[in-house]
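Chemist: With the hints as constraints, model all of the structure from the sequences given.
If you read the protein sequences in the order shown, they are chains C and A.
Following the numbering used here, the numbering of the first sequence begins with 18 at its first residue and continues without gaps.
Following the numbering used here, the numbering of the second sequence begins with 3 at its first residue and continues without gaps.
Hints in this document: simulated from the structure, not taken from any laboratory.
In the BS3-like style, the derived pairs of lysine-lysine whose C-alpha atoms are separated by at most 27 angstroms in a straight line are:
no. : chain 1 : residue 1 : chain 2 : residue 2
1   : C       : Lys-80    : A       : Lys-275
2   : C       : Lys-48    : A       : Lys-161
3   : C       : Lys-104   : A       : Lys-164
4   : A       : Lys-275   : A       : Lys-225
5   : C       : Lys-80    : A       : Lys-161
6   : A       : Lys-164   : C       : Lys-105
7   : C       : Lys-80    : A       : Lys-225
8   : A       : Lys-161   : C       : Lys-103
9   : A       : Lys-161   : C       : Lys-105
10  : C       : Lys-135   : A       : Lys-161
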Amino acid sequence: MKKYTSIVLIFLFLLPCVFAKAGDTMYVNVKESILKSGTGFFASKLGTVYYGDTVIILAEAGKWTQIELKENPSNKGWIPTANLTKKKIISGKTQNLSESELALAGKGFSAEVEDAMKQRHGELRFDLVDKIEDNYVGDEDLLEFIVEGNLYGGEG
Amino acid sequence: MKKAKSLVILLGSLTLLSFFFSCESISDFDTLGRVVSSGIDAGMAIAKAAEPITPEQEYYIGRSVAATLLQSYDLADEVKLTAYLNKICMALVIHSERPELYNGYHVSILDSDQINAFATSGGHILITRGLLSCAENEDALASVIAHEIGHIQLQHSLKAIKTSRSSQAALATGGLFLNLTGNEDLMDLADMMDASINEVITTMVNKGYSKQQEYDADAAAVKLLFDAGYNPHAIISMLQVLQEKQPRSSGGFAKTHPSAKQRINEVNKVLKKYATSPEAINRNKRFNETVFL
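Modeler: And the structure:
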C-alpha cells in the first residue's frame, strides 16, 4: 500500500510540470540566457536573465518560450525552453527566503563543493577547465561562419 | 486495496500519456521519466525520487570530470584551430533542444596522438589531435563534434553514476527533508562528488559507453548535422577512416567504442532517411586553411 501511495504522490508532484502554460511561474536554470526578440538564435537581443530569476510564461513556440521577468515585466523576450525549470531555484541572490530555504542555498554539486574538491585534490586541473571555458564564439562571428559555409542559421 | 491499485494504474497511465503529449519540450523530461520508473521499482521516498540532476549540477560534475581527465592530457596550443572547432560546435548546437546548457559548450584539443574524444556533462568537448587528423573535411570534423554533443544531450556520462548515489545526492541537494548546514555536510557532498566522478571516469575512459549509447549518439549526430546544413553522410567517411586506423591505435577510441564497422552498419539505417548533400566549396576551403595537423 505504501508503494502505491508513493506513486500517487509522485504523480501529484509531477502534475504541474506536465502542464506548463501561459501565466505559469518558472525559473531560469542556466548561468545566463539572452532574451531574444523572436524564436531564433540570431534574433536581436532585448536583455539578459540570470540563474534563479523568476519569470512568467507568456507563450511557447517550438523549443522556445516567451517570458517576462516577474520583478520587471518590461524585461521580456524569448529563451530556449530548456533554460527553464518549474522547480524553484535557490541562489545567493534570491530574496525573501524563508529560514528553511536559506538553509538550502548553495547546496548540491555547486561551486562550494568544487572548492572542497580543489582542497582535497590539488592535482585536479581546474585551471585548464577554466581555459577551455574561455573559448567563446560571438554571435556575429558565428553568423558569418554559418553564412560563409552555406549552413543554416536556425529558425526565426 | 483493489481500488487503490486501479487508481495507481489510472494515474500512472495518465502520467505517461502526459509525458508523451506535452512534456517533451521541458528540459528534464528524460530525468523525470527515469524518476518515475525508478520510483516504482524501488518504492523510494518522494523527496529522493522527485529530484532530477539540475543543469547546474551537470555543469559542476562535468567540470570535475574534465579536471580529472586533464591530469592525463595537455591542451594543444592551437588558437586558430580551437576557434574553428568551437564555431562548428555552435553552428550545430543552435539547432538542438539544448543550445546553451548551464554554461554553454566549449571545445578544446588534447595534445595526444591517440584517437579519442571525451564530452562532459558540463559541455566540455575534448578531441585529441589524433582524432582530428582523421577528418578529411569540415563535415567529417562536424560529425565528430556532433557525436560528442549527442553524448552530452543524451546525458550518457551522468548515467554512469550509480542510481543509489544520484538519489543520495539528490536528497542532499533538494534538501526537502534535510537541513544541511556546516562543514560536515559539505564534506559529505564532496564525498558523493568524488565517488560520482570516479564512476563517470571509469565508464568514459576504461569501460566505455554501451554500444547502444554509441549508436544513439551517432543517430543524434546525424540529425544535428542535417539540421545545421552539414552533409549527414560525412559521418560514414569519418567512421571509415577510423576503421582503417583503429587497429593501429593502441588504447583510446578503439577501447571505449564499438567497432567502426558496427557503427557504420547501425548509422546507415538512420541515414536512409537523409539525402546526401555535397560539401560546400567554402567549407572545404576554410578547412584546408585551418587544419594543419
